Amino acid sequence: MSGLEKALRALSSFLEERRFPYMVIGGVANLAWGRPRSTLDIDVTVWSPAGAESALIAALCSAFTALPAEPEQFALETRVLPLEVEGFRVDLILGQLPYEEQAIRRARLVDMEGLQVRVCSPEDLIVHKIISDRPRDLEDVRGIVRAQGAALDRAYLDPLVRGLAADLARPGIWDFYISCF
1 MSGLEKALRA LSSFLEERRF PYMVIGGVAN LAWGRPRSTL DIDVTVWSPA GAESALIAAL
61 CSAFTALPAE PEQFALETRV LPLEVEGFRV DLILGQLPYE EQAIRRARLV DMEGLQVRVC
121 SPEDLIVHKI ISDRPRDLED VRGIVRAQGA ALDRAYLDPL VRGLAADLAR PGIWDFYISC
181 F
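Numbering (the numbering used here), first residue to last: 1 to 181.
Keep in mind the hints are simulated off the structure, nothing from the lab. The model shown is predicted, which means the values in this text are computed figures rather than measured ones.
The calculated EDC-like cross-link candidates involving lysine to aspartate or glutamate, where the alpha carbons are at most 16 Å apart (straight line), are:
hint	residue 1	residue 2
1	LYS6	GLU86
2	LYS6	GLU113
3	LYS6	ASP43
4	LYS6	ASP41
Hey, can you work out the whole structure from these sequences and the hints?
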């Protein structure tokens, strides 16, 4: 079992046992929905509404190694808690936005090397990656569209991407998205 698999198993088991709603995003989710590529960390969003952060942060820090010297302060300021889990870096995002809550509810159980893990939907992974300017993320979007094709829920995805492009005043997001199909 690789370090990534050990870390994913430890973290997902911890979150499931404590009933913390979560979804795997980033490069690991891309392994499920797009073209496989190497990844150096695990990105996970955990639902953490206002006022619930301290209990979540304390629970995570009791089980795993927090990387910042002042983990609670850092996480509350940045909404990210960097951890080391089984020797592997995990960036745990404290989800609080309505979109994040919806995406966590839409997450799907995916078998990853015999482990059932809650992974964001391919549509929500596209949304996460399409607002990035990183070439790797945009290439991931193309790979997800190629791999998922007609299985993508365009009725959900199209208005979401169009709205993001408008809200961010970045029409290129919509243009890029359309070019992927």
